[in-house]
Every structure is written in C-alpha cells, then in structure tokens.
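Novice: Listed here are the chains, written in short residue letters.
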Amino acid sequence: MSTVVNNTTTVTEVKPEKDSYEGKIHPDWCPGCGDFSVLNAMKKALFELGLNPHEVLVVSGIGCSSNLPGFINSYGMHTLHGRGLAVATGAKLGNHNLKVIATGGDGDGFGIGGNHFVHTMRRNVDLTYIVMDNQIYGLTTGQVSPTSMKGMKTKSTPHGSVENPINPIPMAIVGGATYVARAFSGKQKHLVEILKGAIEHRGFSFVDVFSPCVTYNKDNTFKWFNPRIKILEEEEGYDPTDFHASLDKGYMWGEEIPIGLIWKRDDLPSLEELEPVLDEGGPLALRKLGISKEQADSLIKEML
Amino acid sequence: MAKIDFSIGIGGAAGQGIATPGNILARIFARRGLNLNAYNSYQSLIRGGHTFLTIRASDKPVRNMGDTWDVIIPLNQDTMDRHLKHLNAGACVLFDADKIKPGTPSEGVQICPLPLKDLTKGNRLAGNTVAIAATLQMLGIEFKALEDALEQIFSRKGDEVVASNVGIAQAAYDYAADNFTAFPFKVPVVGKGQAVLTGNDATALGGIAAGVKFYAAYPMSPSTGVLMYMASHARELGIMVRQVEDEIGVMNMVIGAAHTGCRAMCATSGGGFALMTEAIGMSGMIETPMVCIDVQRAGPATGVPTKTEQGDLWQFLGAGQGDYPKLIVAPTSQLDLFKTIPELFNLTDKYQCPGLVLADLLISEGTASVDPDELDFNVKIDRGEMIFPNGNGSTDNPFGGYNDESYLRFKNTESGISPRAIPGVPGHIFIAATDEHDEDGVVISDEFTNPHKRQMMVEKRARKMETVLAQVEPPKLVGPETAEVTLVGWGSTDGVILEAIEKLAGEEGIVASQLQIRWIIPFHAEEIMRILSNSKKVIIIENNFSGQFARYLRSETGFDADGHIRKYDGEPFMPHHIVNAVKDQLEGKTNHSVPVHELIL
Numbered sequence: 000m001s002t003v004v005n006n007t008t009t010v011t012e013v014k015p016e017k018d019s020y021e022g023k024i025h026p027d028w029c030p031g032c033g034d035f036s037v038l039n040a041m042k043k044a045l046f047e048l049g050l051n052p053h054e055v056l057v058v059s060g061i062g063c064s065s066n067l068p069g070f071i072n073s074y075g076m077h078t079l080h081g082r083g084l085a086v087a088t089g090a091k092l093g094n095h096n097l098k099v100i101a102t103g104g105d106g107d108g109f110g111i112g113g114n115h116f117v118h119t120m121r122r123n124v125d126l127t128y129i130v131m132d133n134q135i136y137g138l139t140t141g142q143v144s145p146t147s148m149k150g151m152k153t154k155s156t157p158h159g160s161v162e163n164p165i166n167p168i169p170m171a172i173v174g175g176a177t178y179v180a181r182a183f184s185g186k187q188k189h190l191v192e193i194l195k196g197a198i199e200h201r202g203f204s205f206v207d208v209f210s211p212c213v214t215y216n217k218d219n220t221f222k223w224f225n226p227r228i229k230i231l232e233e234e235e236g237y238d239p240t241d242f243h244a245s246l247d248k249g250y251m252w253g254e255e256i257p258i259g260l261i262w263k264r265d266d267l268p269s270l271e272e273l274e275p276v277l278d279e280g281g282p283l284a285l286r287k288l289g290i291s292k293e294q295a296d297s298l299i300k301e302m303l
Numbered sequence: 000m001a002k003i004d005f006s007i008g009i010g011g012a013a014g015q016g017i018a019t020p021g022n023i024l025a026r027i028f029a030r031r032g033l034n035l036n037a038y039n040s041y042q043s044l045i046r047g048g049h050t051f052l053t054i055r056a057s058d059k060p061v062r063n064m065g066d067t068w069d070v071i072i073p074l075n076q077d078t079m080d081r082h083l084k085h086l087n088a089g090a091c092v093l094f095d096a097d098k099i100k101p102g103t104p105s106e107g108v109q110i111c112p113l114p115l116k117d118l119t120k121g122n123r124l125a126g127n128t129v130a131i132a133a134t135l136q137m138l139g140i141e142f143k144a145l146e147d148a149l150e151q152i153f154s155r156k157g158d159e160v161v162a163s164n165v166g167i168a169q170a171a172y173d174y175a176a177d178n179f180t181a182f183p184f185k186v187p188v189v190g191k192g193q194a195v196l197t198g199n200d201a202t203a204l205g206g207i208a209a210g211v212k213f214y215a216a217y218p219m220s221p222s223t224g225v226l227m228y229m230a231s232h233a234r235e236l237g238i239m240v241r242q243v244e245d246e247i248g249v250m251n252m253v254i255g256a257a258h259t260g261c262r263a264m265c266a267t268s269g270g271g272f273a274l275m276t277e278a279i280g281m282s283g284m285i286e287t288p289m290v291c292i293d294v295q296r297a298g299p300a301t302g303v304p305t306k307t308e309q310g311d312l313w314q315f316l317g318a319g320q321g322d323y324p325k326l327i328v329a330p331t332s333q334l335d336l337f338k339t340i341p342e343l344f345n346l347t348d349k350y351q352c353p354g355l356v357l358a359d360l361l362i363s364e365g366t367a368s369v370d371p372d373e374l375d376f377n378v379k380i381d382r383g384e385m386i387f388p389n390g391n392g393s394t395d396n397p398f399g400g401y402n403d404e405s406y407l408r409f410k411n412t413e414s415g416i417s418p419r420a421i422p423g424v425p426g427h428i429f430i431a432a433t434d435e436h437d438e439d440g441v442v443i444s445d446e447f448t449n450p451h452k453r454q455m456m457v458e459k460r461a462r463k464m465e466t467v468l469a470q471v472e473p474p475k476l477v478g479p480e481t482a483e484v485t486l487v488g489w490g491s492t493d494g495v496i497l498e499a500i501e502k503l504a505g506e507e508g509i510v511a512s513q514l515q516i517r518w519i520i521p522f523h524a525e526e527i528m529r530i531l532s533n534s535k536k537v538i539i540i541e542n543n544f545s546g547q548f549a550r551y552l553r554s555e556t557g558f559d560a561d562g563h564i565r566k567y568d569g570e571p572f573m574p575h576h577i578v579n580a581v582k583d584q585l586e587g588k589t590n591h592s593v594p595v596h597e598l599i600l
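Residue numbers (numbering that gives the first Met the number 0), protein chains in the order written: chain A, 0 to 303; chain B, 0 to 600.
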C-alpha cells in the first residue's frame with residue numbers, strides 16, 4: 000500500500016488488484032514454454048506482496064525470456080544482451096525506493112553477462128535476479144549455453160558439447176548472493192513462494208528457475224525434470240543458513256535435483272545500506288540538483 | 000606583450016616526486032595572480048623512466064607549455080643529459096652537486112650546483128624544498144611566500160616538521176642568493192589569487208555544477224583523475240560514485256541511474272569508450288540521456304597510455320551500431336571543460352540522447368590557473384520535458400500508462416521530443432526497450448515488424464536534431480578576415496594555435512587568423528563554410544595521423560583545406576612547431592607538415 004499525490008494534491012490510497020500486473024501484450028513465447036509459468040508466478044508474487052506496479056521496475060537483458068518486461072504491467076527496461084544486472088544496479092542506486100527485479104536467461108546472465116553476475120553478487124545490491132534457465136540459446140534457434148549439459152547436441156555442438164557447464168547455484172553462494180534459490184516452472188505454487196521470499200529479501204537474491212525450452216532443448220524437458228525434482232521445503236531438517244550444507248545441495252545434479260531456498264543469510268547489509276550518500280535525502284533521482292554556495296566556496300578554496 | 004613569462008622544468012624518474020614541488024611552485028605562482036599552465040610528460044610505469052613537468056607562468060594568459068625553459072631542475076643524471084642541451088642563454092639549471100654532473104651547456108646558461116647534503120642537513124626528504132627555495136630566490140620571490148606554502152603542506156605533520164623544512168628552505172634560499180645570479184626580473188604580485196586545477200578536476204567540477212548525482216568509472220589513464228576527484232568529494236556532496244567491473248558495466252549502470260531521473264556521468268579513455276559503445280546506442284534508443292567523457296590518449300589498442308592524441312573523433316562519430324542522434328563536443332581548455340559539462344547536460348536532457356565529450360590528455364591532465372570567479376556553480380539547469388512524481392503527472396489510474404495508453408513515452412510529436420516520465424511516477428507506466436518499439440514502448444521487432452512504424456520511430460528520434468543547432472554557439476573567426484592564412488583546429492589545440500599566431504605576427508610578420516571548432520555534432524557547417532570560403536588559405540592542425548577532422552569537415556561541407564599540420568608522436572604541439580610549419584607552407588615548400596618533437600621524453 001502506498002500514498003499517491005497527484006497534481007491536484009488530492010491524496011489517494013491505492014493498492015494492487017489481482018489483475019493490476021496484467022500486461023497489454025500476450026507473450027510471444029512458443030506454446031508450452033516454461034517462461035509463461037515464471038511470468039504468472041511473478042505477477043502473483045508481486046500482487047500478494049501488495050506492491051504497486053508503478054513502484055516496480057523489471058529490467059531484462061536480451062533473449063526469449065528477456066522479453067518478459069513487455070508482458071507485465073510495471074515499469075520496465077528491456078536492455079542489452081547480458082547487461083540487465085548492470086542497468087538494474089544503476090536504477091536501484093538512482094532510486095532505491097523502487098523494487099527492482101532483473102530477469103533474463105542463462106546465456107544472457109551466465110554467458111555474455113557473467114562478469115556483471117559475479118560483481119553484482121559481491122556488492123549485495125538489493126535486487127532480485129530471476130533467471131529462466133532453459134540450458135539452450137532459444138532466440139538464436141538452438142545453440143549450446145553455459146548451462147547446457149556436457150555431451151548435449153545443439154546446432155553449434157553437432158557432435159555433443161565437450162565443455163563442462165556452469166552450476167549457477169554454488170557460484171552464487173560463494174559469489175556473495177545472500178538469497179540463493181532454485182525453482183522449476185512445473186512447480187508454480189512453490190515458485191511463487193520462492194519469488195516472494197526473494198523479492199522481500201534485503202540484499203541480492205538470485206532464483207535460478209528451470210524453465211524448459213520446448214522447441215530447442217529436447218534433453219532437459221518437463222518430463223526429464225519432473226521425476227528428478229525434490230522440493231527442499233518438503234524435506235525435514237534442511238537448514239538454508241548452513242553454508243557447507245547449501246554448497247552440497249547446490250552441487251546435486253542427476254537423478255535427484257533439489258529445488259527451493261538453498262542458501263540465505265540476513266546478517267549482511269545491502270550496498271544501499273552501506274552507502275552513506277543514501278542515508279538521508281531520499282532517492283538520488285528526486286533530489287535537488289546542484290550544490291550550495293557554501294559547498295561551492297569550499298571546493299574553490301581547495302584550489303587556491 | 001607579457002612582462003613576465005617564464006617556464007620551469009622539473010624532471011626525474013617516476014617515483015622521485017616530481018608532482019609535489021610542481022604543485023608547490025604552481026600554487027605559489029597562482030597566489031600571486033599569475034596565470035599558469037603545466038604539462039607533465041610521463042610514461043606508463045610507477046618507478047623509473049623519465050618524467051618531465053613543465054610549469055609556465057605569466058602575467059598574461061598562458062594557454063600552453065610554451066617553447067623554452069628558463070629553469071630546469073633535474074633530479075637525476077638522465078634528466079640533466081636529456082634537457083641541458085635545450086636551454087638557451089639566460090636560463091639556469093639547479094641540481095644536486097653531490098649526485099649529478101652538469102655536462103656542457105650552451106653559452107650563457109647558468110650552472111647552479113646545490114650542495115644538497117649540507118643544505119638538507121641529512122634530511123633526505125627535503126631535497127625538493129631546497130630546489131624550490133633556490134628557484135624562488137632566482138625569480139625574486141620573497142621567502143615568505145614559500146614559508147606560507149611549507150606551513151600549509153606540513154602543518155599536518157606537526158610544528159617540528161614545519162620548522163625543519165622552513166629552516167632548510169631559508170638556508171637554500173640564502174645559498175642561492177650568495178652563489179647564483181638571479182634573473183633580471185622579479186616575479187611580482189600581479190593580482191588576486193588564481194585557482195589551480197587540472198582538466199580532470201574541471202570535468203568533475205562541471206559535473207558537480209550540473210547536478211550529477213551518479214558517477215561511475217573503471218580506472219583508465221588519463222581519465223582516472225575525474226574518478227579520484229568525484230570519489231574524494233562524493234560524500235560531502237551527496238554523489239553516488241562507483242568503480243565498476245568494466246566499462247561495459249559503467250555505461251550500463253550510468254544509463255540505469257539516468258533512467259530513474261538522475262543526472263549521471265562517466266569518463267574513460269578510448270579503449271573504455273570502445274567497450275561502452277553498444278550501451279551508448281541504448282541511451283539513444285531508449286532516449287535516456289547521460290554524459291560520457293573520453294579523455295583521448297594515443298591509440299590504437301593500449302597504444303601509449305600516458306601520451307596525448309586526437310584520434311577518437313571517428314570512433315565517436317560511429318559510436319554504437321545503427322543510425323541515431325547524439326551530441327559531440329570538444330572543449331578547448333580546462334575552464335571550457337567546466338562550462339561545457341552543464342551546457343551538455345541541459346541539451347541531453349532536452350533532446351533525450353547521449354552527450355559525448357572529446358577531451359584529451361593534454362587538457363585533462365594538464366593544469367591551468369582559472370579566475371575563481373569563472374568557477375560559477377550556479378549554472379542554468381534545464382531538464383527538458385520530464386515528468387516527476389508529485390509533479391506534473393496525471394494520476395487518474397496510478398497503474399495506467401502502458402495498458403491504457405493515457406501516456407505514450409515515445410509519442411511521435413512534432414519536435415520528436417516525447418515527455419519523459421521516470422519510473423515511480425503513478426499513471427505513467429511504460430517499458431523502455433532497446434528493440435525497436437512503438438510510441439507506447441511495445442516492441443515491434445519481434446512478432447510483426449511493421450516497416451511504417453519503424454520508419455516513423457527512426458524519423459521521430461532523428462527529428463529531435465532539427466532544432467539543436469540553434470542551441471549551440473557557432474564557431475567564431477579570431478583575427479582579421481583578410482589574414483594571409485586561417486588556422487583551423489578543434490578541441491584542446493586552441494591555446495597553442497593562438498600562441499603560434501601571436502608568434503607568427505610578432506616574429507615573422509605573418510598575419511594569421513584562427514577558427515577553433517568545439518561542437519562536432521551539431522556542426523555549424525554553413526557558418527564554417529561562410530568563414531572558410533572567405534579565407535585566403537586554410538591549414539588544419541590536429542593531433543592525429545590521418546586528419547580525422549579534415550575528413551569530417553569535408554564530409555559535412557565538401558571543403559578541402561589547402562594544407563595540414565599533423566602530429567602523432569604522443570606529445571602535444573609546441574607553438575614553434577606550428578609557426579615553422581605555417582612558414583614552410585606559406586613559402587610553398589609543402590602542404591602537409593609533420594613537426595618533429597625535439598625532446599625525447
């Protein structure tokens with residue numbers, strides 16, 4: 000809930016309704032694409048958290064999944080391939096009152112954007128990063144991605160990939176992300192809860208969502224994932240604040256693949272909290288421009 | 000003519016501490032109201048090599064390092080060996096007699112050996128103090144000026160350190176008086192104190208005046224000074240300063256911050272700029288303005304990181320794939336950098352496009368004195384057509400905009416300028432996409448690319464540039480229209496060309512005029528053609544090999560210059576380089592001169 004002051008200075012209380020996040024465009028994803036579920040889960044999570052669409056900024060890179068900001072009714076930026084996190088960081092620091100959510104795919108985030116991924120995590124910027132991980136390059140019609148499994152045959156690896164994939168979960172845990180989760184498009188209810196936790200988390204939250212590509216990835220399909228997925232929240236005794244246990248869980252892959260909140264810590268301040276420039280005065284973007292006469296005189300005095 | 004005009008050169012290995020005595024002397028001169036210009040020639044290493052700082056001061060404006068030295072202070076043998084031969088009669092060389100052998104100077108050069116060990120009483124850190132004190136004695140500057148400077152510098156280290164340095168300085172000052180012949184002039188107090196700043200300081204200060212709230216950078220010579228200035232003043236001024244993982248991240252972060260409504264800025268050099276260019280296109284496509292400064296250095300690739308060049312003009316013209324409007328300006332001095340940044344921010348906000356500044360090592364790392372009254376921070380701020388929360392936005396449906404089309408972020412207006420809401424404003428939700436999009440921001444590139452809409456949006460963005468030319472000052476001819484020759488330069492060469500023209504008139508009796516170009520885009524082609532078509536002979540002067548500006552001028556006007564003077568050895572033009580080349584060209588010896596830098600630095 001928030002207060003909106005309009006130009007006639009009347010004060011209106013607003014809160015989101017169930018359909019407030021409905022976008023004007025029907026997604027252009029292939030029928031059956033895992034990304035539909037992620038989009039729906041996001042809308043649901045934002046509504047259930049009571050956030051208003053104009054206070055949310057969704058920033059993406061480029062790729063199939065990065066088209067998402069166009070399909071949700073909130074402020075959006077559809078930036079450059081791999082650069083969503085850098086833009087999102089700038090936006091969050093420019094106006095830290097915005098709820099900033101970055102979205103994208105595995106190629107966008109772990110391939111071309113890998114450098115920004117690493118550094119955004121260590122900064123612990125208060126962002127939520129949702130990767131729709133389909134282990135393939137879809138929009139370029141099916142080439143190997145950083146998360147493609149070894150041996151996978153794609154248009155750019157016709158004899159099977161010989162490279163090892165990235166496992167983004169341990170990477171995020173050691174990289175400094177303070178909320179690290181894995182989810183699955185096929186488990187939307189669980190996904191909504193994971194996203195709500197991520198959005199509410201203060202600091203950098205990362206959710207790697209298995210979001211199968213029904214057109215180009217014939218290996219890692221819904222059918223492949225369904226029997227392997229084990230929801231951590233349904234497991235007794237798993238403690239996501241146990242660093243070493245979280246690494247073990249994060250590395251698990253094969254017959255059993257755990258999903259859920261894998262790692263979380265609440266004891267680290269976010270970048271915005273560590274930056275004294277944001278202590279008072281509100282968002283930078285809304286502050287008065289220029290400096291005072293006293294400040295100007297002091298700068299000149301240093302040069303005399 | 001100037002009554003007082005002298006140059007001091009201080010040289011040694013990197014790490015020997017050239018900067019400190021340089022700064023002390025510059026401050027002492029500026030406090031007396033003298034104008035000054037300092038240029039440091041250095042290499043890309045932390046210890047060793049050869050570094051040579053020239054400080055020139057005068058009662059008249061000083062716009063470049065000049066041609067000669069009156070004093071040199073070699074801190075090692077190498078500097079003595081390199082520079083002694085360039086001294087003319089009347090000059091002097093001050094050096095540590097215990098360590099350095101003078102060699103054979105030209106006739107009339109005064110050799111001034113200082114018994115450093117005796118004078119410093121074993122304080123090895125006080126060598127610079129001795130050199131400065133002796134120099135000031137030779138220049139007829141009263142001891143009090145140095146005493147005040149030493150007190151200011153060393154006060155943090157306690158009274159004992161101050162007293163020790165003042166004592167050593169007094170001994171050196173007296174020693175010079177007893178043993179050397181002072182210059183025939185005494186450097187007077189000519190007016191009120193001048194501010195001393197580098198071009199990088201001026202760039203940061205210009206951003207501060209413009210209201211920059213977000214500054215990001217990746218360290219890169221010779222632009223790092225802007226980052227250091229911003230970082231050291233960030234907290235007191237409320238500016239977010241971030242060092243980012245690479246220049247790609249820098250530009251994307253800057254655009255993210257700018258998109259929320261901040262004035263956001265970054266500086267880099269050519270290599271970093273190359274990494275930024277895709278994102279500069281994003282600024283153009285989503286119409287989110289920002290300002291980026293390229294402090295050019297000698298390229299390509301890593302090139303010569305500590306040397307100057309004007310080699311990035313065409314990189315700027317072609318920055319970012321595709322065809323979109325951007326603004327490009329090449330400031331002509333340190334003070335001009337300060338004044339240009341706020342001017343450019345106003346234009347980028349108004350026209351919602353990238354604003355790019357072509358500076359270079361010469362003016363950005365170069366030091367100048369500026370009348371403090373010229374450093375006016377109370378600048379005009381024009382944010383253009385922006386919609387802020389609690390301001391001019393309609394909020395009938397706070398979640399409206401994107402869905403109900405009550406607001407079109409990229410509206411196809413007559414001017415091409417569309418009112419720009421920032422995220423957070425109720426009732427103005429939109430998406431900014433780097434894909435081609437419709438007026439409402441909806442991407443048209445994916446499903447049904449519509450050629451008519453694409454054409455409309457290309458034209459909408461391009462149309463913004465139709466009115467911008469009138470917003471910037473046309474270049475002016477300096478000197479008579481009947482001059483024998485018109486010298487055309489752009490950006491940082493302003494000062495040295497002007498001085499060359501004074502020398503041509505004074506020493507050679509040649510009347511030359513100057514046309515210095517600041518604005519590259521928009522380009523005052525008509526006015527430039529009006530001036531040049533009336534000129535008897537036109538010579539273009541630039542710090543690059545291929546004549547990048549000459550080619551640009553031709554592309555925009557069809558004009559071919561009569562001659563060219565180009566330098567691409569890493570060092571800036573000195574006035575005599577231009578004087579000699581102009582003489583050669585007027586005598587018909589050549590129409591393409593490449594001056595040779597006599598000093599091996």
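Treat the hints with care, as some may be off.
Lysine-lysine pairs mimicking BS3-like chemistry, simulated, CA-CA at most 27 Å apart [what the hints assert, rightly or not]:
1) A:23 / B:191
2) B:379 / A:292
3) B:410 / A:300
4) A:287 / B:338
5) B:410 / A:23
6) A:287 / B:349
7) B:459 / A:300
8) A:292 / B:459
9) A:300 / B:452
10) B:379 / A:287
11) B:59 / B:452
12) B:452 / A:23
The set of hints was computed from the structure by calculation and includes no laboratory data.
Novice: A separate judgement is required for each hint: does it hold in the structure or not?
Specialist: Now the hints, each set against the structure:
For the hint linking residue 23 of chain A to residue 191 of chain B, the alpha-carbon distance of about 65 Å lies beyond 27 Å, and the restraint is violated. The straight-line distance between the Cα atoms of residue 379 of chain B and residue 292 of chain A is roughly 15 Å, inside the 27 Å bound, and the hint therefore holds. For the given pair, residue 410 of chain B sits about 47 Å from residue 300 of chain A by alpha-carbon distance, which is inconsistent with the 27 Å threshold. At roughly 20 Å between alpha-carbon atoms, residue 287 of chain A and residue 338 of chain B fall within 27 Å of each other, so this suggested pair holds.
Restraint check: the Cα-Cα separation between residue 410 of chain B and residue 23 of chain A comes to about 17 Å, which is no more than 27 Å; the hinted pair holds. This hinted pair checks out: residue 287 of chain A and residue 349 of chain B have alpha carbons roughly 18 Å apart, not beyond 27 Å. Between residue 459 of chain B and residue 300 of chain A, the direct Cα distance comes to roughly 46 Å. Violation of the 27 Å bound is thereby established for this hinted pair. The hinted pair formed by residue 292 of chain A and residue 459 of chain B fails the criterion: a straight-line CA distance of about 40 Å is larger than 27 Å.
This hinted pair does not check out: residue 300 of chain A and residue 452 of chain B have alpha carbons roughly 55 Å apart, beyond 27 Å. Distance check on the hinted pair: residue 379 of chain B and residue 287 of chain A sit about 13 Å apart at the alpha-carbon level, within 27 Å; holds. For the suggested pair residue 59 of chain B and residue 452 of chain B, the alpha carbons sit about 59 Å apart, so the restraint of at most 27 Å is broken. The suggested pairing of residue 452 of chain B with residue 23 of chain A holds, with an alpha-carbon distance near 18 Å, which does not exceed 27 Å.
Of the hints listed earlier, those the structure fails to meet are numbers 1, 3, 7, 8, 9, 11, in rising order.
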